[in-house]
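Each chain is listed here by its residues.
There are 2 protein chains.
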Amino acid sequence: MTNNEIVLGIDIGGTTTAFGFVDRSGKRLATGIIPTESQQPAENLVARLQVEIARQRATLPPRLQLKGIGIGAPNANYRLGTVENPPNLNWGASTNLVELFQRLYPLPVAITNDANAAALGELYFGGARYMKDFIVITLGTGLGSGIVVNGELLYGASGFAGELGHTIVDPQGRQCACGKTGCLETYVSATGLCRTTLTLLAERLEPSPLRELNFQQITAKQVFLAARAGDPIAVAAFEETARILGMKLADAVAHTSPEAIFLTGGLANAGELLLTPTRRYLEEFLFSAYRGKVRLLLAEIPEGTSAILGAAALIWHELEKSSANPRSPQQDQSNLQG
Amino acid sequence: MTNNEIVLGIDIGGTTTAFGFVDRSGKRLATGIIPTESQQPAENLVARLQVEIARQRATLPPRLQLKGIGIGAPNANYRLGTVENPPNLNWGASTNLVELFQRLYPLPVAITNDANAAALGELYFGGARYMKDFIVITLGTGLGSGIVVNGELLYGASGFAGELGHTIVDPQGRQCACGKTGCLETYVSATGLCRTTLTLLAERLEPSPLRELNFQQITAKQVFLAARAGDPIAVAAFEETARILGMKLADAVAHTSPEAIFLTGGLANAGELLLTPTRRYLEEFLFSAYRGKVRLLLAEIPEGTSAILGAAALIWHELEKSSANPRSPQQDQSNLQG
Chain E
1 MTNNEIVLGI
11 DIGGTTTAFG
21 FVDRSGKRLA
31 TGIIPTESQQ
41 PAENLVARLQ
51 VEIARQRATL
61 PPRLQLKGIG
71 IGAPNANYRL
81 GTVENPPNLN
91 WGASTNLVEL
101 FQRLYPLPVA
111 ITNDANAAAL
121 GELYFGGARY
131 MKDFIVITLG
141 TGLGSGIVVN
151 GELLYGASGF
161 AGELGHTIVD
171 PQGRQCACGK
181 TGCLETYVSA
191 TGLCRTTLTL
201 LAERLEPSPL
211 RELNFQQITA
221 KQVFLAARAG
231 DPIAVAAFEE
241 TARILGMKLA
251 DAVAHTSPEA
261 IFLTGGLANA
271 GELLLTPTRR
281 YLEEFLFSAY
291 RGKVRLLLAE
301 IPEGTSAILG
311 AAALIWHELE
321 KSSANPRSPQ
331 QDQSNLQG
Chain R
1 MTNNEIVLGI
11 DIGGTTTAFG
21 FVDRSGKRLA
31 TGIIPTESQQ
41 PAENLVARLQ
51 VEIARQRATL
61 PPRLQLKGIG
71 IGAPNANYRL
81 GTVENPPNLN
91 WGASTNLVEL
101 FQRLYPLPVA
111 ITNDANAAAL
121 GELYFGGARY
131 MKDFIVITLG
141 TGLGSGIVVN
151 GELLYGASGF
161 AGELGHTIVD
171 PQGRQCACGK
181 TGCLETYVSA
191 TGLCRTTLTL
201 LAERLEPSPL
211 RELNFQQITA
221 KQVFLAARAG
231 DPIAVAAFEE
241 TARILGMKLA
251 DAVAHTSPEA
261 IFLTGGLANA
271 GELLLTPTRR
281 YLEEFLFSAY
291 RGKVRLLLAE
301 IPEGTSAILG
311 AAALIWHELE
321 KSSANPRSPQ
331 QDQSNLQG
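In order, the protein sequence lines correspond to chains E and R.
With my numbering as the guide, the letters of the first sequence map in order to residues 1 to 338.
With my numbering as the guide, the letters of the second sequence map in order to residues 1 to 338.
Next comes chain E alone, as it looks inside the complex (with noise of 0.2 Å):
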């Protein structure tokens, strides 16, 4: 790799697509935004994409040479190429991104979902720069997951290892979107914490002013600002996030063994309010051969470029990959396709 090489990352979302050139520092070199328009379909993004794209490529110095294209969506899946059932977007069962980008493109591109990319974003660029064994969570409206084992993102059988979001905290508990029961981000997620939050109001009696709120008015941003003045409920509701992900981060421990987990998204903006008595409850149910071993750290990324600087880590990764290894059996492992 040398100084004139980038990548471009690409982070879908429901309301808006951003991208950025990206050199292998991790320094953003231009970006831009631009609408999903999540009701038409995919080859009208990747069409409006293309224009934008060259648009911000004709401002950089020309020596510059783009290595590939790294895209982070929802529902992504990286062993196929696709996105499947996007839950924001009208692109029905599957749609080959990666193919609809190599026909506008001939270079390597390849595709993960959001939480993946921002584990290998915090590889790269990040708090996890050195290490080899880290689990990123991001803590938005659902609670996602990217795990990553020997510097290599876990993808597992299906592809789609990594769904911490979909462990189980109780059985008989709170309905999930995805049709369970109980489910770990039904708890622990922005929208975990409301929940919370209405239950304790239902529970106790102290005072509070977020009894003035109803179910559609709560956000997590208000009860941060509640806990923070000492509202008795809104520290109880922190406190139960807190055991309940403790508890979950533990078991996540005795599978992977990571040396750190890392928070991101919405709700890690609560910072010491959440990471202090997670980290408690995280030593407390630890099996004792981990203890004092895993860090439960925040993000170094910013939320707001992690989705692009992930998705070009993806792609940096990838190149990397290949071309380390050209006869290793690891070659297996890339998803590399031009």
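Quick caveat, the hints were computed from the structure, so don't treat them as lab data.
Careful: at least some of the hints might be erroneous.
Note that the list lumps identical chains together, so a pair holds whenever it fits in one copy or between two copies.
[To be verified] Lysine to aspartate or glutamate pairs mimicking DMTMM-like chemistry, simulated, CA-CA at most 25 Å apart:
hint: 1; residue 1: K67; residue 2: E272
hint: 2; residue 1: K180; residue 2: E283
hint: 3; residue 1: K321; residue 2: E203
hint: 4; residue 1: K293; residue 2: E152
hint: 5; residue 1: K221; residue 2: E43
Using the hints provided, position chain R relative to the given structure of chain E.
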């Protein structure tokens, strides 16, 4: 590898230590067994083993070349080559067993714990021969697990990944010998089945021959025989065991997404009495992306031979990693010493 190459697999238990010379196809060519004498230091065991190993080797054709030694032992640390605080051996905090063997044998030596060895045995000689991602669960006095990802045992940052027996079923639940509360192995293991049976005898009123047995007397075998004869308490104990196992295996799938999960160890001898309800609960608790894609199977290698074959597979695996990838980064993964 030629047909003239063999390895030595050693299984160290609290009561006896067994070994066997094993070829690449998994055939045991000569075997031996001696008392472990758990109160003696490890040096004593290794010295007595050397005598018996020499005696058995003399029965083999001289053309067979011994290429390495694999060891399965409780609380073994693969990375360090040590056995640490073994529960049934008076060996102290840490014994470097790899070093002890290498003083006598100038060969590659590797060590891992029992459940990891069982997983490698299944990978090399059993039902996982064509798999890259699977989990082996050993159901004995406790619950052990070996997780294989991309054809490699998962060790994680600590070297102790895959302790599913100490994931949490109920934070207010049963006391575990590890010092925690509500660990999976207090519910799902031979011992766990007996504890569940006693609880059900207290909760329910159906007549049962098991009412004549006290805590000391009841065994998993008796609960199995009673369940097979239709005893409602014993049937309910298996159902509850299967429910908890299915739920926690669904969590395990959400971490590493295996193609199959294999059960072995004493309690797995219950066969379909345990497998059928566990399969039902597993599917029920699985996240939709995994449903219908994970097989729950009995391990193919018989319990009596799996420890020696697993230890042999460990060292075959190390030998093949180092000869296949002499320059690849994967070599960092190898723990060949000698």
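At most 25 Å between CA atoms: does that hold for K221 and E43 within a copy, between copies, both, or neither? neither (36 Å within a copy, 62 Å between copies)
Identical-chain pair category, K180 with E283, by Cα at 25 Å: Cα proximity of K180 and E283: across copies only (11 Å, versus 28 Å in one copy).
At most 25 Å between C-alpha atoms: does K67 with E272 qualify within a copy, between copies, both, or neither? Answer is neither: 40 Å inside a copy and 54 Å across each miss the 25 Å cutoff.
When no copy is specified for K293 and E152, does a C-alpha distance of 25 Å or less occur within a copy, between copies, both, or neither? both (21 Å within a copy, 23 Å between copies)
When Cα atoms must be at most 25 Å apart, do K321 and E203 count as within-copy, between-copy, both, or neither? neither (54 Å within a copy, 58 Å between copies)
The structure is inconsistent with the numbered hints 1, 3, 5, although it conforms to all the rest.
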